[in-house]
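A.B. asks: Here is what each chain is made of, one letter per residue.
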Amino acid sequence: MKDFLNESTIQLGVCYYPEHWPEEMWEEDFRRIKDMGFLYVRMAEFAWSIFEPIEGTFEFDLFDRAIQLAKKYDLKVIIGTPTATPPAWLTDKYPEVLNVSREGVRYNHGSRRHYNYNSEIYRTFSKRIVLEMVEHYKSNSTVVGWQIDNEINCEMNVFYSNADHDSFRQWVKNKYQTLEGLNDAWGTVFWNQTYTDWKQIYLTRPTVTHSYNPHQLLDEKRFISDSAISFVQMQANIIRSITDKQWVTTNGMFGHLDNHRMTKEVLDFYAYDSYPNFNKVIEDKSMMPLHDRKWSMNLSTVRSFGGNFAIFEQQAGPGGWVNRLEQPTPRPGQLRLWTYQSIAHGADLVLYFRWRTATKGSEIYWHGINDYHNLPNRRITELKQTSEEIHKIGNTIFHSEYISDAAILTDYPNEWDGEEDNWYGHFIKESKEAWFKAFQYHHIPVDFVNITQEMSLETLAKYRILVYPHPAILTETTAHLLTRYVEQGGTIIFGARTGYKDLTGQTYMKAFPGYIKDLVGVTVEEYTLLNGWQENPDVNLLNKQFKTTGFNEVLQPEVENVEVMGTYLNAHYEGKPALTKRSVSTGTAYYYGSVFNYQTASILLEDMEATNYQHLFILTPDIELAVRKKDGVSIYLLLNYSYQSQHIQLKAEMENLLDNQTCSGSITLTGYDVLVLKEK
Amino acid sequence: MKDFLNESTIQLGVCYYPEHWPEEMWEEDFRRIKDMGFLYVRMAEFAWSIFEPIEGTFEFDLFDRAIQLAKKYDLKVIIGTPTATPPAWLTDKYPEVLNVSREGVRYNHGSRRHYNYNSEIYRTFSKRIVLEMVEHYKSNSTVVGWQIDNEINCEMNVFYSNADHDSFRQWVKNKYQTLEGLNDAWGTVFWNQTYTDWKQIYLTRPTVTHSYNPHQLLDEKRFISDSAISFVQMQANIIRSITDKQWVTTNGMFGHLDNHRMTKEVLDFYAYDSYPNFNKVIEDKSMMPLHDRKWSMNLSTVRSFGGNFAIFEQQAGPGGWVNRLEQPTPRPGQLRLWTYQSIAHGADLVLYFRWRTATKGSEIYWHGINDYHNLPNRRITELKQTSEEIHKIGNTIFHSEYISDAAILTDYPNEWDGEEDNWYGHFIKESKEAWFKAFQYHHIPVDFVNITQEMSLETLAKYRILVYPHPAILTETTAHLLTRYVEQGGTIIFGARTGYKDLTGQTYMKAFPGYIKDLVGVTVEEYTLLNGWQENPDVNLLNKQFKTTGFNEVLQPEVENVEVMGTYLNAHYEGKPALTKRSVSTGTAYYYGSVFNYQTASILLEDMEATNYQHLFILTPDIELAVRKKDGVSIYLLLNYSYQSQHIQLKAEMENLLDNQTCSGSITLTGYDVLVLKEK
Amino acid sequence: MKDFLNESTIQLGVCYYPEHWPEEMWEEDFRRIKDMGFLYVRMAEFAWSIFEPIEGTFEFDLFDRAIQLAKKYDLKVIIGTPTATPPAWLTDKYPEVLNVSREGVRYNHGSRRHYNYNSEIYRTFSKRIVLEMVEHYKSNSTVVGWQIDNEINCEMNVFYSNADHDSFRQWVKNKYQTLEGLNDAWGTVFWNQTYTDWKQIYLTRPTVTHSYNPHQLLDEKRFISDSAISFVQMQANIIRSITDKQWVTTNGMFGHLDNHRMTKEVLDFYAYDSYPNFNKVIEDKSMMPLHDRKWSMNLSTVRSFGGNFAIFEQQAGPGGWVNRLEQPTPRPGQLRLWTYQSIAHGADLVLYFRWRTATKGSEIYWHGINDYHNLPNRRITELKQTSEEIHKIGNTIFHSEYISDAAILTDYPNEWDGEEDNWYGHFIKESKEAWFKAFQYHHIPVDFVNITQEMSLETLAKYRILVYPHPAILTETTAHLLTRYVEQGGTIIFGARTGYKDLTGQTYMKAFPGYIKDLVGVTVEEYTLLNGWQENPDVNLLNKQFKTTGFNEVLQPEVENVEVMGTYLNAHYEGKPALTKRSVSTGTAYYYGSVFNYQTASILLEDMEATNYQHLFILTPDIELAVRKKDGVSIYLLLNYSYQSQHIQLKAEMENLLDNQTCSGSITLTGYDVLVLKEK
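Residue numbers (the UniProt record's numbering), protein chains in the order written: chain A, 1 to 680; chain B, 1 to 680; chain C, 1 to 680.
Among the hints, a few may not be true.
It does not matter which identical chain is used: a pair holds within one copy or between any two.
What the hints assert, rightly or not - Derived EDC-like pairs (lysine to aspartate or glutamate); straight-line CA-CA distance at most 20 Å:
1) K199 - D92
2) K510 - E24
3) K547 - E135
4) K384 - D673
5) K93 - E558
6) K429 - E326
7) K93 - E55
8) K384 - E526
9) K173 - E120
10) K651 - D518
Since the hints were made in silico from the structure, they are not lab data.
Quick caveat: nothing in here was measured; it's all calculated off a predicted structure.
Next comes chain A alone, as it looks inside the complex:
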């Protein structure tokens, strides 16, 4: 996060919607917010018809009064532009602003996020409301920043209104210039899909068997991302054209959106909404499930957008809508733990969602800090304590850097192409989670890095280890970059399905793994999808046996110095290579012909000798270790995700920042407890 915040320590805050409550409650609410030690109040992101109750008529009284009261208690206010929920008068009069399903069913007033990004009418109305609001608040010193819209691409990340079809047609025209170019990129010669006029082109429409041209689908997602970013950009431009004293961001992290580009090109910093209790369903029955710790993965991803960030919605109670997303109550200690989780991963500002549980609407079960009854409860007590702690230690961590020398590579082309491709797409998610789990449970801090065609070696070179699980799409440019990375001393590992596609999603006419064949020194002799039809083959990797899942590639070493580190133990390719390792200059390239799981990732981490801080700590798997550095000093955050106490060892003397005691040797963390240590 850049210096837009003008803070010197981590600040907390809360989301508060004055329009939901009797005005006579406001002042006591702001007073208690202040009393909690909170500085920031976020508001107004769904309040369009408060600001513009009638088309073209603008009113600011309600929020002016609320902001005035916030000012009285020295609070800072963040205002959301209200474009996520158009007024009833707008959509009723101009239904063409609404989003539509692929099958043609229009989404109507009654929930949220039912508009489309490409309607000219919607853009016109959005511009005007944003302009009016920014003009009104540009000189209000209590208002420190703007959140654009709310949770872009949440709930629905596909769009098929007429405006979207029209805009897509223009988008492909810009991209390909000629129909020949488009026909080539989409491989339309297959199944006679050749386009002979631009007007024949649409976003994917219903087809028999729900199968669509896969190359068109990939472009469709690029287009959706571009549409969303352009909508945010449009608002940011208005704000910046009027004021340079208020920062600009947006919040959330949702599909079909290049958050890296949006953060870099449009935002002052990124804001995330963190709800670790979405882990409510036992989604992971494998060894050592991540549960709420999966949010450390999400937060690491957020960190990759642009460094430190804000949390605009930090879970403050059980969440849920009336008819979906039923979450249990966070246990005592979890709200505090999750606050530290956000901070450990790079949050420099944390706002809880929300001050008080709503008494009406679809989110009456999305609990705030306060209950409906507004009486004391254990969540208030816990967050009051948390706030006091953060005030004590905040400036030591504020603006510090998350330290890691390993990274998991991700990229949008594979993510979006893989969504529709059952022959590799889900392997990406599986392996990413398996690797993150292995890093976590071995206390090896890890970053996520989004690799692009423009990326410099410098960005990668700071990591000792890169994991790039299943990049089916892999260009010559990327292969060249990764080769240079290994040559300068880096270690990289690839999984099955690497390198067989180009950026259109078409396959190369090359031996697998395509352009990185020379780096890893192997080709794929043959391969098979594993789909439950036959028993999954076993593999011996580094003298341990595992069952493979998902996919098997039989590897064929092509150069001398390829070391076979693992072989298949059955199927017709019994005895053939499954895992190889090759030294290239001072670096190393691994290739694994299958999908990773926790166990295979763990033994590979060991073989790669990843940095695990065993010289400083003996930790249990339930503890997450985050290492932050600021002004040359390391801070260690130890987070206990277990309900049970954990017994750990400190091999060096450190300062416990929470109680300012020196500590070393045996230490016990009670359930959900947190340690913040500073090296001495």
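With chain A's structure known, arrange chains B and C on it following the hints.
C.D. replies: Then chains B and C, alone, in the frame of chain A:
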């Protein structure tokens, strides 16, 4: 049932559709119907295009001839108005009369119940056909009564045609008078749903994530119920304006319909269609599943509409449509058992569905008494015997009263709001069935009582015990009523989620359980939904241990005389109260912070000392006991739902009405057998 | 297959799409195709916009050049008419040519088979493109035949465009002549569905509960079949009007299509697309699953259309679309095995699909013989060997006859009516597979025979045994035919639900099993569907005990000479007959009152003394035996479907055609190996 029937004993009958059969078969059919001992014949409910083959042209010949033959055999005829299935000519010419899905797909000719209640055109056509039919048959002494339409709200109980949207707009205008009132009731300030013009208002329309404004949805169901009742009322008014010699009813029991109000305001009595073989799927793998005995619950609900009732369709064989609802064949004895089940619960008239299995259409597997082949079969034999028995004992039971001093409370606001609310809705159904099961297996007769804002204490005071499982919506009025009920000596028990919502479905800003806090003497300290994410906590209730399900509320006694009867055994609220009991004047109020199951309901019944007739009988769980009283004399119906013989004890001498023998001591009921005893 | 092929031996070939590849690759591809020993090349079936890039403008250059190169390597070319994929310009300008879902969602450009058969516009465009292509290639001696369209009714076999509704209206008018006739046939008197004007008639449209008039649905499928055949006929007529030197066929085997009639009336021979790897999902967890051997059943069905046939797409690698149908890689030996499987069952021409895996579009995972990289692989090697073998033995098998003296009867009315009828439809499929499995594992060659109202006794009389599992629809004509079949010495067996419906799908007013009651000598006393509600009853059949499934009919012998061969062991019909056998003249008629499974079929086969070739072979269950005869000489094909070696015995000396050695006694077939033996 009031005296409309003009009978002095329980009569039987059958549904017979002359238009389905060659006319030469009719007389023999009526002769054999008479020979079965049946008196009533129900017909014509789908015969619109027989009566009006061409728009505006009416013909009565076919049914006149059939009714004439029925008269010849001294049968009484019930005619159905045919509005459940409009003619092809009508819907083809006026497609606006058809119902439409929320997504806009129109339901067309080809099945049944595809019309909407609010089309002015459909109402006009319906009025005319009813008027013509009643005018034609008003003086026909063979025709004794009218069934309006058929199974209102069966198959489909939501309606989204334009007529429905328009009518709903008018309905909310009538209800709320001002947009401000509507916006308040629907909490539209949340997510910017505020309406600024009546024309913006619709029934719920498609939204992203299929989430709708929950308060609007609750009103939508009230509107559907009102629409259905008004359609029935319209027909009843026509009939009553023409004749006072023929009674008026309708049949079935389906969703989104306030049957209590309809019965009271519109009908002479209620008629139910009883198909205990819908238990075909093993829906209940818990301890002691209800299976066909669940229909005792349905029949008890029907009894709550307006006392004794008629059965217009009593199962007479396996049921099923061509492509759904596949039912096995009733076992020998079950058809007789189910007839007694209906009578035990309040049926004063029972018509079997149907005389002969249809040879065409969607219901060729909905078997009648006779098979396609019209030859003798075991069902005919069994029902002939049953008919003889009913003729023997019918007048002893006819118009008698079902005796119970316990009741389960239900209400429409919670039923309808709970349909969409995953945070309590399904608990109502679960707990209702658990309690009914506990009452059943302990031989404690129980009523259902529909509680309303207008209810008098008198109605409740006749019960010693009330069970009100999870009334999330609970007003101050209801709390006051229930408090007076307890004060005058009643016992009441509530379950989790009681009392946190008002009649709009919005939450109170009050400590739970809201307005009944003072009655039960506890508040809810905290709570959590149980959704499988963590192991469900155990509870110790009255010294027995159970696993809780669904929801946990941690109770906090607020007054002195609250007795803690159960505590949680684990989770972070280990040791805290789960069940409390409080004496109020001469009454008692229990509160249980979780969802009921068979076991918890059973031990609570014991603690409440419910009337279980152990002074008269020692029964096995498979036996249902029903107690009827007439002219001060008690009649006991004992029904064996098991395939196996049951050995029971009579502690007093009684008269077996079926064989007129005196009996006492050990008695064996064979599989599916029935005893009808009269106290001596 | 008639003599259209003008071959004297089995030929192989491959599908090759020149438009998908750079022209500089073509010649090398054709050279290598020739080098594989292939003679036939199939092309062009999706190339409409290559031939007609602009409406009315035709171009043949690309394919002319490709065919010229094929000719250079003495290859024969099969051209597909391209009507399965209309050009974008066509559907964009005339969207009425597109198919539409029942709910009204139009299927658009972007996949394939999205047109409807009944659009006059589409027929006009189709006629023109076919005419132009045939005119162009009629004298090209390299072009030997035409494939019409591609995989008729694949992907989607229901059609609800306006053109289809209109055409259906005309179709029923032709069929019934009067509305009275239609109303009778569809049983519209039930639920007031009576039609009073032809314009009220549509194909089934959305109704509540997704239930439709079952008799209308049956006609709907007849109509779809007729529409498809008429579309193929239209193209065949054009081709035949222009040339008599090129044969006409189409390919695939899909639903709602009377392939028997189409083959007989329209085609020169039938072509099938055989993908045994569709067995990818373990769909059959019963004893001895069929897996890829199920394709022997499919091929036997194909053989019933018109004798020997062609394979136009023989699996050549793993198959799959991007988002569906994920298949594992065929194991070494399976491609060869499946080639022999096709030949064993009657293929006289086999084309592999496809030469090289596509690099673009939805089918990039439908692997060809060559991989994307075009380098050597094991599939090429295996098929090269296979090709050499076929060249060696091909003419011995070519045009030989598949020998069997047992047949399973099928028919379209029951298949189509049963699709929607849960009271018997799925029993047909279950029992058919159970019987086929029993025949297979006991090495008894079996045919499928499609029984029609016009069938002669002669066709049936050549079989000693007929199995007709659950013909609910069974006419007096058929009953008469089958009775004569038994009287002349045949053995027949029926299963439950036989004979209770007529050709409209309405039930007879007769005792079950209707018109065959006199043949089998039993009636059905009562029956029940088994749906899991109660434990399925056991049965004792020929002194072995089994659990029954699906349905139970209690049989009542009606004549003296009915032998009860099996009885129910529990339920209320314990001890009553379940299986009967009756001698009629020299023949025998069995009736089994339940659904068949592998075990019951196996013991019945034993009782019927089916021909099992035990005088020649002792085989393991994993071996399929096919017997071919030509010029009085028998050829035995033994196919090992197991991964493991099989040890078998030859009791006679035979010639191994693959190595020309004489063999007898103990022989071992390795995994997936094949033996082709000729009697000496």
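A.B. asks: State for each hint whether it applies.
C.D. replies: Hints and how they fare:
{"no.": "1", "hint": "K199 - D92", "result": "between (29 Å within a copy, 8 Å between copies)"}
{"no.": "2", "hint": "K510 - E24", "result": "between (71 Å within a copy, 17 Å between copies)"}
{"no.": "3", "hint": "K547 - E135", "result": "neither (62 Å within a copy, 59 Å between copies)"}
{"no.": "4", "hint": "K384 - D673", "result": "within (16 Å within a copy, 67 Å between copies)"}
{"no.": "5", "hint": "K93 - E558", "result": "neither (66 Å within a copy, 54 Å between copies)"}
{"no.": "6", "hint": "K429 - E326", "result": "between (24 Å within a copy, 18 Å between copies)"}
{"no.": "7", "hint": "K93 - E55", "result": "within (10 Å within a copy, 39 Å between copies)"}
{"no.": "8", "hint": "K384 - E526", "result": "between (60 Å within a copy, 18 Å between copies)"}
{"no.": "9", "hint": "K173 - E120", "result": "within (19 Å within a copy, 34 Å between copies)"}
{"no.": "10", "hint": "K651 - D518", "result": "neither (44 Å within a copy, 58 Å between copies)"}
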